[in-house]
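Residue numbers (our numbering), protein chains in the order written: chain H, 5 to 640; chain S, 874 to 1377.
These are computed hints drawn from the structure, not numbers from a lab.
Keep in mind that this is a model prediction, so the values were computed, not measured.
Watch out, some of these pointers could steer you wrong.
Stated by the list, open to error - Beyond 12 angstroms from chain H on every Cβ pair, some chain S residues (computed):
#1 Ala938
#2 Arg990
#3 Leu1057
#4 His1106
#5 Val1164
#6 Ile1261
#7 Ser1354
Said to hold, decoys possible - The following label-pair restraints were derived from C-beta to C-beta distances:
#8 S:Tyr1345 / H:Asp211: 32 to 38 angstroms
#9 H:Leu65 / S:Asp950: 33 to 39 angstroms
#10 S:Trp1285 / H:Ala200: 25 to 31 angstroms
#11 H:Asp211 / S:Pro1086: 56 to 62 angstroms
#12 H:Val64 / S:Ala1248: 45 to 51 angstroms
#13 S:Val1039 / H:Val64: 45 to 51 angstroms
#14 S:Trp982 / H:Ala203: 40 to 46 angstroms
Even for Gly, the Cβ is constructed at its ideal location relative to N, Cα and C.
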Amino acid sequence: MFVGAVFFPLLGAIISGLFGRLIGDKAAQWTTVFFMVLAAVCGVTAFFEVGFGSAPRTEVLFTWVDVGDMQFSWALRYDTLSAMMVGMVTFISTFIHLYSVGYMSHDETPSRFFAYLSLFTFMMLMLVTADNLVQLFFGWEGVGLASYLLIGYWYERESACNAAMKAFIVNRVGDVFFMLGMALTFYVFSSVEFGAIFAAVPQHVNDRFLGLPALELIGVLFFLGACGKSAQLGLHTWLPDAMEGPTPVSALIHAATMVTAGVFLMARMSPLMEYAPVALSIVTVVGASTALFAATIGCVQNDIKRVIAYSTCSQLGYMFAAAGVGLYQASVFHLFTHAFFKALLFLGAGSVIHAMSDEQDIRKMGGIWKKIPITYAMFWIGSLALAGIPIFAGYYSKDAILEGAIAAHSGVGTYAFVCMVLAAFLTAFYSWRLIILTFHGAPRADHHTMEHVHESPAVMLIPLLVLSLGAIFTGFTFAPYFIGEHQAEFWNGAIFNLPAKHMIEAMHHAPHWVATLAKTVALSGIVLAFAIYMGAPKLPAKVAGAVPGLYRFLLNKWYFDELYNWLFVQPLRRLARGLWQTGDVRIIDGMPNGAAAITAGMGRSAMRLQTGRVASYAFAMIIGLVVFVSLFLLGR
Amino acid sequence: MNAAGFPLLSLLTFLPLAGALIIMLVRGDEAVVASNARWTALWTSLIVFVLSLILWISFDKSTAAFQFEEKLDWLPDFGVGYHLGVDGISVLFVLLATALTPICILASWVSVTSRVREYMIAFLVLETMMVGMFVALDMMLFYIFFEGVLIPMFLIIGIWGGPRRVYAAYKFFLYTFLGSVLMLLAIIALWYATGTTDIPALMQFQVPVAWQPIIFLAFFASFAVKVPMWPVHTWLPDAHVEAPTAGSVILAGVLLKMGGYGFIRFSLPLLPQASADFAPFIFALSVIAVVYTSLVALAQQDMKKLIAYSSVAHMGIVTIGTFTFNQQGLEGALYQMLSHGVVAGALFLCVGVLYDREHTREIARYGGVAKILPAYALVFMLFTMASIALPGTAGFPGEFLVIVGAWAVSPWVALGAAMGMILGAAYMLYLYKRVAFGKITHEHLRGLADLSAREIVIFAPLVVLTLWMGIYPSSFTSFFSASVAALLQQHEAAMNVARLAGIN
Chain H
5 MFVGAVFFPL LGAIISGLFG RLIGDKAAQW TTVFFMVLAA VCGVTAFFEV GFGSAPRTEV
65 LFTWVDVGDM QFSWALRYDT LSAMMVGMVT FISTFIHLYS VGYMSHDETP SRFFAYLSLF
125 TFMMLMLVTA DNLVQLFFGW EGVGLASYLL IGYWYERESA CNAAMKAFIV NRVGDVFFML
185 GMALTFYVFS SVEFGAIFAA VPQHVNDRFL GLPALELIGV LFFLGACGKS AQLGLHTWLP
245 DAMEGPTPVS ALIHAATMVT AGVFLMARMS PLMEYAPVAL SIVTVVGAST ALFAATIGCV
305 QNDIKRVIAY STCSQLGYMF AAAGVGLYQA SVFHLFTHAF FKALLFLGAG SVIHAMSDEQ
365 DIRKMGGIWK KIPITYAMFW IGSLALAGIP IFAGYYSKDA ILEGAIAAHS GVGTYAFVCM
425 VLAAFLTAFY SWRLIILTFH GAPRADHHTM EHVHESPAVM LIPLLVLSLG AIFTGFTFAP
485 YFIGEHQAEF WNGAIFNLPA KHMIEAMHHA PHWVATLAKT VALSGIVLAF AIYMGAPKLP
545 AKVAGAVPGL YRFLLNKWYF DELYNWLFVQ PLRRLARGLW QTGDVRIIDG MPNGAAAITA
605 GMGRSAMRLQ TGRVASYAFA MIIGLVVFVS LFLLGR
Chain S
874 MNAAGFPLLS LLTFLPLAGA LIIMLVRGDE AVVASNARWT ALWTSLIVFV LSLILWISFD
934 KSTAAFQFEE KLDWLPDFGV GYHLGVDGIS VLFVLLATAL TPICILASWV SVTSRVREYM
994 IAFLVLETMM VGMFVALDMM LFYIFFEGVL IPMFLIIGIW GGPRRVYAAY KFFLYTFLGS
1054 VLMLLAIIAL WYATGTTDIP ALMQFQVPVA WQPIIFLAFF ASFAVKVPMW PVHTWLPDAH
1114 VEAPTAGSVI LAGVLLKMGG YGFIRFSLPL LPQASADFAP FIFALSVIAV VYTSLVALAQ
1174 QDMKKLIAYS SVAHMGIVTI GTFTFNQQGL EGALYQMLSH GVVAGALFLC VGVLYDREHT
1234 REIARYGGVA KILPAYALVF MLFTMASIAL PGTAGFPGEF LVIVGAWAVS PWVALGAAMG
1294 MILGAAYMLY LYKRVAFGKI THEHLRGLAD LSAREIVIFA PLVVLTLWMG IYPSSFTSFF
1354 SASVAALLQQ HEAAMNVARL AGIN
């Protein structure tokens, strides 16, 4: 069962990928779905067994590398943290597979798509069940590969290919830091296995490397690695572009699973991170900044999927901020609830796009809520959960993060709190901006499109309904276990908190005004969106016209892409050409070719010397003799 | 004395020559001769490969000693003997050479149409030289094979190569030959000091510290060109571009490893002091190689040239690992060499597949190939990913171990090596995007046929190896663990002696 949860998706991927043409597209699709269902059954059972039956375990498969004092195996580590992830990933992935059967029904090569999707799920499962850093890195790079393939799935589009490459390369920048983090970990601990590392952390608290505290350095390196995968400020540029992939991909990868890998890493490494307070402060600051930064951009984007993508980026910032103040439990809890409502929102967006004949620009939508009422309702549920309105899932986790930030009683905690409250307001605002522009008002699409607006088939709606149940109930149901009174026995040591820091307790004793404030800003964001976009639809354009600089700044995503292009891409291109044309061709090759030319030239001159005149020969011989004799005398 | 019970290594070395002899004897009209030559070459190389599997099976992994030894007096007056044997460091290279040769012969099956007989003879002679070089345990013998490799390779590039083949062949020959002459001087100097050229005997000999730098540089001149290290790498792109596909495969797969093998076999154990002293210099050149050639690869318009430059970058990782003097770094270097042999060879075959169909290697002439050749696109993707060291493929363990090993020496070297990760992803994905993705802009591409049965047979073993080496590297590292540990121990001891001598 524990092995099956991880390897069934791989089996599905292999069958669909290699034999898809042989067995036909329909069979390939349903094979992957079938194996995903099997995996989900195993995965969810494993979650309950490990999380509530308190039975952590490790399944060792076989030795991977054994070099000197470095040994590690392929092994599946099931503690509460990974079992929770396995259950969540397999569950959501199964419904996304099911949804894709409907969504990709007009596609040319669905077997390829489903193979990628299952491969991705497998890699994510390897990542979360790793019991050493290198296997985690295997999954880490594996999801990178799968997302590269999926973003570039429609490879005939230039933009999709570029987005795929960008995703992979930006992720690789983060991966370099991860790699160096592993190297340093091995240098300090002589092991890359979690068990050995965690047990040895207390002995290495005072280790230094290059004059810096070694644990802090490891923490920062891993965080930089996590920034790449989880699209944190600076390395976030790939995520919005990744929306080039088919919508189910966005739901699975860029909301529920892959981007959460960085958050997972922080929680997984909590026994080490807890001893790296400076690194944690950096995590909080970057996370909170990302939360606010992405929310500001989300307010002005016009592509339905990009708005949600920026909201993902922003929510990931919340999770990092929580991890940074030491509340890994709340961070992972938000990850868990977010997976449901964000997958719901993306799949809902997919349903809208499907209904609108592949239109993604919300300026060309509107007035369709009566035609697709179920999708509309789903969007409401997802947005309510995202905004953190009570009863809905997001409320419990977001509230915990905000309270934790205040309870940290530190400068960075307060900074994070301010950022996140502002972000919460903006989140509510842009979520309802999205709903109103998409569903309400006068139809802005052309007549032909409007005629074809239709509700999605059942195979797409069922996953939406299931995920909406998750978006409503997971917060309420699981809060006592993730962050409430049962958390100690639930986590069972999978997450480590310094004994001196009572963050969970402190969080529960946060002042009451925090929760009230959170609710108030969320509601006022919704109200403002209604007031503006329902009450005064002309106002946004006027505001944008009044502050054109700010508007363009936000619309162009703070000009990060342009900056990187100017700072890295263009200079490197020029450097590459320069090194080749000048360095290799002119200088390095110039020398041997020049030497060859000189030799040939000397040959010709030597020919000219052979004049046949005895006198000149004699003269040359004498000169030579003089030179040799003097050399001999000098050398003696 | 010999685990096989018969002179296995001699057989492996000289059986290809026997095959070449048979091919030479065939007479008749051209088509018959050509077909005969192909089949004889294929069967000979396959038999050699099967025989070499004995090494895989009965090699004793627990010892660092030389195995399957054969020893005859050759020139006893000069202390030169015919001495063959393998240890953990060389055994897998022998297998690499014997495995790639039949693949190369199959890859040339239809693409080589002129002088087929001579071509096959050249390949079999090349196999003899390659295997001989890795099993030789006598310096003179080693030198003969080391140089001997040049002759068939020179002919393969110069006769069956592309339009600028003569320039490339001469460049290849002169570069490598110039280095080798200096190595010959070093060998003579060692012989002069000890009276023997027997490698195991030489390893017991402490080369005087004052001599070490000079001898090191002489060896370095030869090996650095072969690896190739920056800045003596420019012969490689030219040689690759002009060589026929199979020539490139052998060049990247085996010939480049001769340099790295030389460093580990000779420089490190014979000249411990100088190796340690020159390590920073090597690191500097290697990091430059990784970053510089990766960038140059990014600008290439020719598929083969791009992969050739990527080879230089990958071999930079090898030289970094070699001079870290720790278990992870050295084993990583060896692993990287093996995996690069498989992956770069496979990538050149991938280029060959397109070249055979379209007769151009210019990237801009392709686009959207994934739509037309889906099976090919899958194989090409796998090797692309292996080349950028995705975990789970052959490229990863080597690079990872080298970075870990380099970190212990200097984090900056490790960072330099890791830069290759980003740049490698950039140039390989950029290549893949331009070749396989995008719209089909060249209509004539639509008629291309996907992989033929012969091509599938060629790629299948490489695909299996690439995944196997990525998922279960222990089955390969276990061969060289003992030898590397012994090498390091010996190095440590030698350094301690030198340290003590310095104190007294």
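Hint check:
Separation of Ala938 (chain S) from chain H is adequate, the least Cβ-Cβ distance of about 20 angstroms exceeding the 12 angstroms criterion. The claim that Arg990 (chain S) is not at the interface with chain H holds, since no C-beta of that chain comes within 12 angstroms of its own (minimum 33 angstroms). The beta carbon of Leu1057 (chain S) is kept farther than 12 angstroms from every beta carbon of chain H, the shortest such distance being approximately 20 angstroms. Look at His1106 (chain S): its CB is around 8 angstroms from the nearest CB on chain H, not clear of 12 angstroms, so calling it non-interface is violated.
At roughly 9 angstroms from the closest C-beta of chain H, the C-beta of Val1164 (chain S) falls inside 12 angstroms, breaking its exclusion from the interface. Separation of Ile1261 (chain S) from chain H is inadequate, the least Cβ-Cβ distance of about 8 angstroms not exceeding the 12 angstroms criterion. Non-interface status of Ser1354 (chain S) relative to chain H is broken: a Cβ of that chain comes within 12 angstroms, the nearest being about 7 angstroms off. Judged by the Cβ atoms, the range 32 to 38 angstroms given for Tyr1345 (chain S) and Asp211 (chain H) holds: they are separated by roughly 33 angstroms.
Distance hint check for Leu65 (chain H) and Asp950 (chain S): the Cβ-Cβ separation is about 59 angstroms, which falls outside the suggested range of 33 to 39 angstroms. Against the hinted window of 25 to 31 angstroms, the Cβ-Cβ separation of Trp1285 (chain S) and Ala200 (chain H) comes to about 27 angstroms, which satisfies the hint. Between Asp211 (chain H) and Pro1086 (chain S) the beta carbon distance is about 36 angstroms. The supplied range of 56 to 62 angstroms is therefore violated. About 35 angstroms separates the C-beta atoms of Val64 (chain H) and Ala1248 (chain S), a value inconsistent with the hinted range of 45 to 51 angstroms.
Distance hint for Val1039 (chain S) and Val64 (chain H): a CB-CB separation of about 58 angstroms, inconsistent with the stated range 45 to 51 angstroms. A hinted range of 40 to 46 angstroms is violated for the C-beta pair Trp982 (chain S) and Ala203 (chain H), which are about 58 angstroms apart.
Taken one by one, the earlier hints fail for this structure at numbers 4, 5, 6, 7, 9, 11, 12, 13, 14, listed in ascending order.
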